[in-house]
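S.K.: The residues making up each chain are set out below.
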Amino acid sequence: MDSEPLKPAMALPPASTAPLAIPDAEPEDAPAERAIVSLPWPHKISSLFRQSLVAVLVVTATTLLGFVWQPLINLHGIAMLYLLAVVVLGAFVGRGPTFLAATLSAVLWDYFFIEPLHTFRISHFDDLMLFGMYFVVALVLGQLTARIRAQENTQRVGQERALVLYTLTRELSETSDFDRMLEKVAQRLGSLFDAEAAVLLPGAAGKPQRQPHPAGTFAVPDSDQPAIQSVFERGEPAGRFCARFRSAEAFYAPLASGGRIVGVLGLRLRQTTPPTPHQRSLLDACSQQIAMAFDQHRLRELSEKARLLAESERLSKTLLNSMSHEIRTPIAVIKNAAGHLADFQQDDATSDQRAMIAEINEATDRLDRLVGKVLDITRLETGRVIPRLTPCDVRDLVHLSVKETRRELAAHKVSVELPPDLPLVTMDYVLMQQALQNLLSNAAIHTPPGTEVKVGAALDSGALLLTVADRGPGIPADSLPRVFDKFYRGPNAPTGGTGLGLSLVRGFVEAHGGQVTAENRPGGGAIFTIRLPLSPTPATLNCLSKDHL
Amino acid sequence: MSTAIPAKKSTVLVIEDEVQMRRLLRVSLERNGYEVREAVNGKEGIGEAARCQPDAVLLDLGLPDMEGLAVLKRLREWTQVPVLVVSVRGHEDDKIIALDNGANDYVTKPFSTGELLARLRVAQRYGQPAEKNRPFECGDLHVDLISRAVKVRGKRVKLTATEYSLLCLFVQHAGKVLTHSQILREIWGPDDTDKTGYLRVYMAYLREKIEKNPAEPELLITEPGVGYRLAVQD
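Just so you know, the protein sequences line up as chains A and B, in that order. Letter by letter, the first sequence follows residues 95 to 643 of my numbering. Letter by letter, the second sequence follows residues 9 to 242 of my numbering.
None of these hints come from the bench; they were simulated from the model. Treat the hints loosely; a few may be bogus.
Cut-off 25 Å, straight-line C-alpha distance, at most; resulting in silico cross-link-like pairs (PhoX-like, lysine-lysine) [said to hold, decoys possible]:
| id | chain 1 | residue 1 | chain 2 | residue 2 |
| --- | --- | --- | --- | --- |
| 1 | A | K497 | A | K467 |
| 2 | B | K220 | A | K497 |
| 3 | B | K81 | A | K411 |
| 4 | B | K220 | A | K507 |
| 5 | A | K399 | A | K411 |
| 6 | A | K548 | A | K497 |
One-sided and incomplete, this derived list gives chain A residues near chain B with beta-carbon spacing under 8 Å [unchecked claim]:
| id | residue |
| --- | --- |
| 7 | T261 |
| 8 | V427 |
| 9 | D487 |
| 10 | H493 |
Here a beta-carbon is modelled for each residue, glycine too, at the ideal position from N, C-alpha and C.
Looking at chain A on its own, in the form it has when it is part of the complex:
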C-alpha cells in the first residue's frame, strides 16, 4: 500500500472524461522529439542546462576560430562567423540557449575584436551601429530558426503519433481473435513506451481478475492489486508515477469505453522519470483505441451469441413441434382404431375383448398424457413457456379443472369452495388450468378412494390463492422440500405417477411470477397452495358483482 496516498506527485486528470492534456510544456525546449517513442527522455531542466552549455561552447569555439583567422578576415567577417554559429545553433537547441548564444557572441565580439580591444567600450560610431545591428540580427535570426525547428518538431510529433495510432488501430481491427488482439496490444505498447505491458480484464461480478491476461509481458505482483482495484473502481490511472499507489511497481491506466471500464492496462516503464506529457497523451490515445477495440469485440461476441441463441431456439421449436406431431399421430391412430374396434364388436364381443379394448384406450390416454408432460417440461426448461396473460374468470377456471379431472377423481368426494366476489385475475388460462388439473390428478393418485378433496380459491393480501387439500396420508417430512423436483417420487408413492406433474405445476406457476407450496394439514392430509400475485385490472371489471344480475 502507498504510505502517502494523498501527496500529489503527478496529478493525472481522469482518463475516462478527458484526454491527458498537455500542460503548458514547450516542446521546443526538448531535444530531438523522437523521444516520444524512444526513452529515456532527458529531463526538461537538465536538457536546458546541456543546451546552454552547447551554446556557450559553440560561441567560444567560434571566438577561437576568429582569433585564428584574424590575420585573414576583418571584424565584419568575424561577425558573419558568429552569425552563422547562432543560426546553426538555432536549428539544434531551444530558444533560450539561442538567445544566450546571440548575446554572448555579441559581447565576445565587442570584447575581443572591436576597438578598443579587451574592453566593452566601442569608440567608433559605425562600430557601435554595426554592433547594435549584429545583436538584433543574431537575435532575430536565431529565434526564427529555433521557432521553425520547434514547429517542425511539433508536426513530426503529430505525424508520429498519428502513425502509431493508425498502426495500432489497424492491427486491432485486423485481429478478430481476442487473445491475439491482447498479444498485439502488449507488444505494441511495450515497444512504444520501452516498457513491459500487461492487460487485466474485468472478471465475474465486475471485480477485476487477479491474474493478468497471459498475453502480457510481465507478471503483475500481488502488491499491485490494490492499485488495479482502484483503477477499476474509479476509472483513473494509479500506480507508479501517480498520486495513488505510487509505490506500486507499474503504472496502471483504465481502458474505458462508453463510460464502462473494459479493462486495465499495466505498464512497467524502464525509465525512472515520470512519463512526459507527450507520453501520457499518447498512452491515453492508445488506451482509447484499445478500449474501443475491446468494446467492438464484445459487441461482436454478443451479436454472435444472440444469433446462436436464435438458431438453437428455432431448432428446439422445430424439434418440439415435430416431436409432438410424430409421437401424437401414432397415439391418435391407436386410439381411433381402438374406438372402431369397440364399435364393430358392440354386439358380439366377449367381455374379455371389450376389456382389452378398454385397456388399449386407457393405456393410450396415459401415454398421451405422458408425452404431453414431457413436452411441457421441455418447453419449460428451454424457456419456451411464455404466459399469455389475459384477465381470467377464476370460477370458470376452477370448475373447468374439476370437470376435466372428474373421471380420475370419480371415487373421491370433491368439493369446491369459492368466495362470491372473486375478481378477474390476469393469468394464462391454459397454463393455470393445467397447473390446477395436475394438482387434482396428484390428489387422485396419492389419496385413497372415498376421501375428501377440497378445491378452493381466495384472495390474500394482493395475491390469489388456489388450494387443493386432501385427506390422504400426507407427505413425509423429508419429502416436503422435494415434492416439486423433477422426477421426484415420494417413498410410498403408488405406481402410475411420473414425478413430472408437480414440477410442471411449479414451472407454470413460476412462469407467472407466483409460488406453489406443499404442507401437511392438521388432522391429516396434504394441502397444495398456488399463490399468484394480482396485477391491476380495470376497476370496473374487478368484481363479477351480483347487483348486475
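With the hints as your guide, set chain B onto chain A.
M.R.: Only chain B this time, still in chain A's reference frame:
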C-alpha cells in the same frame, strides 16, 4: 353410431400427410356415410379441393410442405367450404390463428370418431350463418331471434343489450367455437379486441342467467385458451 346417414352422400376432403391417419379417417368417415377424397400434402389438397368441390375439408395443421395455415388461407381465397382443422394439444395459438383465418372448427389429436363426426356435422350445418327465422333450441334454452325472446325452461329471461347480442352471436354460430377476438370484434367492435376482461365478465353474467348451474355450464362451454362454444345437441 351411424344413425343418420345423409340422403345424398357428402364428400369430405382429407388433407393429411400420415398414411395411417388417412386410412383410419377413410374407414370412420365411409362407415358414417361420407364419400372420402384424400390429399397427402397442401399443394395437392388445394388442387383436389378445386376439382372435387367437397362439402367439407379436414385439414391437418402439421403438414410437411406448406403450413396447414397457408393451405387454409389459399382455400379461403375462393371457397367458403367448411374447414375443420386437426391440431395437437398445447398448440392453442395455432388453433386461434386457424379459426381467425376462417377455419370453422378444430379437433385435437387424439380425438374420438364420435367427436370428429359431431364437429363435422356442426361445421356443415352452420358453415353458413344460420337463417334468422328459425328459433334456436337447445336443452332448456329457447331463443327466437325475430321476436328477440329468450326463454329458459319456458320462462322468459331479461337480458341487457350486450348480453343479448352476445347470445345472438353464439346462436348464429351454434356448435362452433368462437375465439375471444372474434367475439370481441363482433360485439365491441374492431378497436376493442384486447379487452378480454369484458368478455369474461359478460360470459359470467350470461351463464348466471341461462345456465342451470352456472358453475358447470352445459350451454356456454369454455374452450381453454381459445374461446367459447354454444353446445348443440345432436
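S.K.: Flag every earlier hint the structure violates by its number, smallest first.
M.R.: 7
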